[in-house]
Amino acid sequence: MNLFASSIVMTLLMLTMPIILTSASTHKNKFYPQYVKTTISHAFMISTIPMMMFLYSGQEMIISNWHWMTIQTLKLTLSFKLDYFSMIFMPVALFVTWSIMEFSIWYMHTDPNINRFFKYLLMFLITMMILVTANNLFQLFVGWEGVGIMSFLLIGWWYGRTDANTAALQAVLYNRIGDVGFIMAMAWFLLNTNAWDFQQIFAIEHDNLNIPLAGLLLAATGKSAQFGLHPWLPSAMEGPTPVSALLHSSTMVVAGVFLLIRFHPLMEHNKTIQTAALCLGAMTTLFTAACALTQNDIKKIIAFSTSSQLGLMIVTIGINQPYLAFLHICTHAFFKAMLFMCSGSIIHSLNNEQDIRKMGGLFKALPLTTTALIIGTLALTGMPFLTGFYSKDLIIETANTSYTNAWALLTTLIATSMTAAYSTRIVFFALLGQPRFNPAIVINENNPLLINSIKRLLLGSIFAGYLISHNITPTSIPQMTMPYYLKMTALAVTMLGFILALELNSTMQGLKFNYPQSPFKFSNQLGYFPIIIHRLLPTMGLSMSQKMASMLLDMIWLENVLPKSISYFQMKSSITVSNQKGLIKLYFLSFMITLALSFFVLNFHG
Amino acid sequence: MPVVYVNIFLAFIVSLMGLLIYRSHLMSSLLCLEGMMLSLFVMLTVTVLNNHFTLANMAPIILLVFAACEAALGLSLLVMVSNTYGTDYVQNLNLLQC
Numbered sequence: 013m014n015l016f017a018s019s020i021v022m023t024l025l026m027l028t029m030p031i032i033l034t035s036a037s038t039h040k041n042k043f044y045p046q047y048v049k050t051t052i053s054h055a056f057m058i059s060t061i062p063m064m065m066f067l068y069s070g071q072e073m074i075i076s077n078w079h080w081m082t083i084q085t086l087k088l089t090l091s092f093k094l095d096y097f098s099m100i101f102m103p104v105a106l107f108v109t110w111s112i113m114e115f116s117i118w119y120m121h122t123d124p125n126i127n128r129f130f131k132y133l134l135m136f137l138i139t140m141m142i143l144v145t146a147n148n149l150f151q152l153f154v155g156w157e158g159v160g161i162m163s164f165l166l167i168g169w170w171y172g173r174t175d176a177n178t179a180a181l182q183a184v185l186y187n188r189i190g191d192v193g194f195i196m197a198m199a200w201f202l203l204n205t206n207a208w209d210f211q212q213i214f215a216i217e218h219d220n221l222n223i224p225l226a227g228l229l230l231a232a233t234g235k236s237a238q239f240g241l242h243p244w245l246p247s248a249m250e251g252p253t254p255v256s257a258l259l260h261s262s263t264m265v266v267a268g269v270f271l272l273i274r275f276h277p278l279m280e281h282n283k284t285i286q287t288a289a290l291c292l293g294a295m296t297t298l299f300t301a302a303c304a305l306t307q308n309d310i311k312k313i314i315a316f317s318t319s320s321q322l323g324l325m326i327v328t329i330g331i332n333q334p335y336l337a338f339l340h341i342c343t344h345a346f347f348k349a350m351l352f353m354c355s356g357s358i359i360h361s362l363n364n365e366q367d368i369r370k371m372g373g374l375f376k377a378l379p380l381t382t383t384a385l386i387i388g389t390l391a392l393t394g395m396p397f398l399t400g401f402y403s404k405d406l407i408i409e410t411a412n413t414s415y416t417n418a419w420a421l422l423t424t425l426i427a428t429s430m431t432a433a434y435s436t437r438i439v440f441f442a443l444l445g446q447p448r449f450n451p452a453i454v455i456n457e458n459n460p461l462l463i464n465s466i467k468r469l470l471l472g473s474i475f476a477g478y479l480i481s482h483n484i485t486p487t488s489i490p491q492m493t494m495p496y497y498l499k500m501t502a503l504a505v506t507m508l509g510f511i512l513a514l515e516l517n518s519t520m521q522g523l524k525f526n527y528p529q530s531p532f533k534f535s536n537q538l539g540y541f542p543i544i545i546h547r548l549l550p551t552m553g554l555s556m557s558q559k560m561a562s563m564l565l566d567m568i569w570l571e572n573v574l575p576k577s578i579s580y581f582q583m584k585s586s587i588t589v590s591n592q593k594g595l596i597k598l599y600f601l602s603f604m605i606t607l608a609l610s611f612f613v614l615n616f617h618g
Numbered sequence: 003m004p005v006v007y008v009n010i011f012l013a014f015i016v017s018l019m020g021l022l023i024y025r026s027h028l029m030s031s032l033l034c035l036e037g038m039m040l041s042l043f044v045m046l047t048v049t050v051l052n053n054h055f056t057l058a059n060m061a062p063i064i065l066l067v068f069a070a071c072e073a074a075l076g077l078s079l080l081v082m083v084s085n086t087y088g089t090d091y092v093q094n095l096n097l098l099q100c
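From first to last, the protein sequence lines are chains A and B. To get this note's numbering, take the position in the first sequence, counting from 1, and add 12. To get this note's numbering, take the position in the second sequence, counting from 1, and add 2.
Heads up, some of the hints might be wrong.
[As the list claims (entries may be wrong)] Listed next, with one range per pair, are the computed distances between beta-carbon atoms:
#, chain 1, residue 1, chain 2, residue 2, range
1, B, Leu66, A, Ser577, 57 to 65 Å
2, B, Leu40, A, Ser610, 18 to 26 Å
3, B, Leu65, A, Leu564, 44 to 52 Å
4, B, Pro4, A, Asn572, 28 to 36 Å
5, B, Ser26, A, Phe616, 30 to 38 Å
[Claimed, not checked] Non-contacting residues of chain B with respect to chain A, defined by C-beta distances greater than 10 Å in every case (computed):
#, residue
6, Val50
7, Leu57
8, Val67
9, Gly88
To be clear, the hints were calculated from the coordinates, so they are not data collected in a lab. Note that beta-carbon positions come from the ideal geometry of N, C-alpha and C, so glycine has one too.
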């Protein structure tokens with residue numbers, strides 16, 4: 013029991029060492045990347061100790077270290093909650109990060125700022141750990157904002173490129189809109205429960221929790237790229253591939269889902285928010301899977317795949333299965349990170365080519381990458397007994413047999429078949445067929461850094477599902493008996509997606525290119541969502557304000573209504589009325605003569 | 003009628019004739035306008051004081067105020083004409099020909 017607290021503290025402290033040592037200018041050292049990678053691998057090994065202790069004894073722990081401040085009746089401390097969720101997530105995240113660090117030593121080898129890159133990745137990891145182990149909302153918010161900031165810095169890593177800057181700004185802005193929901197939830201909890209600690213919030217009985225849970229759902233929408241706040245995730249592929257692998261597939265985007273999972277005691281009893289989450293997740297997963305079908309950039313397809321799986325996680329929360337959602341987070345991290353790393357290997361080998369229409373025939377040229385890509389694809393679509401099966405199939409079964417919204421269920425199933433379809437598309441275009449790239453390049457994947465990292469995640473993709481799901485403590489009971497057709501649903505729709513995509517792709521290979529029709533254009537342009545929202549609202553706002561300020565106030569009221577209108581009116585009427593010749597002296601003389609004449613006539617009449 | 007009234011009335015008529023019959027300068031008609039105003043002022047004052055119309059003691063002063071405004075207006079028009087043409091000759095005011 014003593015080992016629990018000390019090993020956790022050692023893990024967390026060890027991660028901060030390379031950052032602290034930057035003040036001693038270790039970071040200018042040539043071997044800094046390897047140092048960071050070794051630190052993370054050691055932290056992973058140490059963090060498996062408390063995980064196994066927890067799985068053996070089932071004991072959770074809360075470490076409350078330091079009393080920061082007390083604001084009237086609110087006590088803020090530095091406290092770490094080490095329960096089921098954080099204990100299992102930490103080794104998984106550290107394992108995936110270890111492989112990604114090793115991969116990025118190879119990928120960012122020629123970058124002059126590689127030390128800074130590793131520092132940023134490590135800072136991201138630290139803030140993610142803070143988020144996961146937080147026991148009060150304040151610490152969680154610190155981690156939340158931290159991952160948002162590091163995401164911004166890492167997406168805009170190549171800041172000379174305008175698209176990268178725009179994408180980083182987009183990520184920050186969309187996350188900010190979600191943060192509004194988070195702060196609303198924090199404020200509600202502060203006002204109504206006088207605490208930001210989870211224990212106190214879960215212990216008190218509330219009457220109506222709609223407002224804070226809606227705020228948390230908004231926060232999850234922003235951070236986990238659900239429909240409405242989703243465009244930042246495909247744009248975030250402007251960052252380097254290790255960034256996409258770490259942040260936008262396994263770790264940061266699951267922070268929103270993790271938040272909802274943390275609050276599952278409150279969400280259990282609130283049907284409204286569960287239904288909202290269900291519908292939102294179903295909408296997201298269908299929309300992003302549909303958008304992924306016609307993209308041509310390999311990283312964007314995988315990004316939409318991530319978004320679709322996140323929608324699936326939110327659907328799982330919507331059917332009141334937080335533990336299944338958490339299992340899906342852990343298993344998804346393995347194969348998604350591996351998919352990104354394979355795409356990075358392909359991109360690097362083809363001399364920075366990211367368009368799948370210009371790849372092909374890599375089956376023989378990059379054997380390990382091909383293997384990993386195909387296994388990752390199969391794991392993603394839920395091939396029986398690979399990693400994805402243990403979580404994804406359970407989710408679909410539970411959704412099929414639960415009392416839930418039929419539309420949400422149907423869209424989830426359609427999205428599952430689309431998953432198979434676009435995964436087949438990636439494999440077909442990138443790996444099979446004849447090469448469509450420039451032949452004058454050297455394709456080489458012989459580097460041990462690349463091979464070892466992919467191999468590690470490959471083993472994880474194959475075995476991790478089995479290992480995790482057979483060793484965890486029993487949580488919510490899965491459905492054991494159901495009719496044949498319900499049990500086979502996930503497999504059947506996946507097979508349907510595979511076969512359909514394979515047929516379509518091989519049939520359309522040699523045909524004439526026809527101009528896209530409306531559904532294709534809808535899917536390729538991401539449903540026109542970014543185009544409309546990013547342009548229309550600012551244009552309307554700016555033009556309306558210009559018209560109000562300049563036209564309405566200045567030109568109309570101050571200039572035209574009184575001064576100019578009077579002068580204009582007078583001029584027009586005088587031109588109309590007068591027929592003068594300008595002989596003024598004559599006119600005055602006529603006054604004179606009239607006066608004199610009238611004087612004489614009227615005086616001497618009688 | 004007392005002789006002073008006839009006197010002032012005669013002054014008024016002379017100024018009026020000066021206003022209506024002039025050669026070339028607009029300024030001279032403005033000056034005659036001032037003369038008319040002055041004679042009216044004197045006549046009004048003499049009448050009010052001689053007949054002890056105490057309640058009408060304000061009337062000449064008000065007349066003077068309005069005369070001043072009117073003189074200012076006339077002068078501004080003169081300045082406008084002079085700005086456009088350089089002089090204030092009356093034969094310049096022929097823009098309203100149709």
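Exercise for review: List in ascending order the numbers of the hints, as given earlier, that are violated by the structure.
Suggested key: Structure breaks hints 1, 4.
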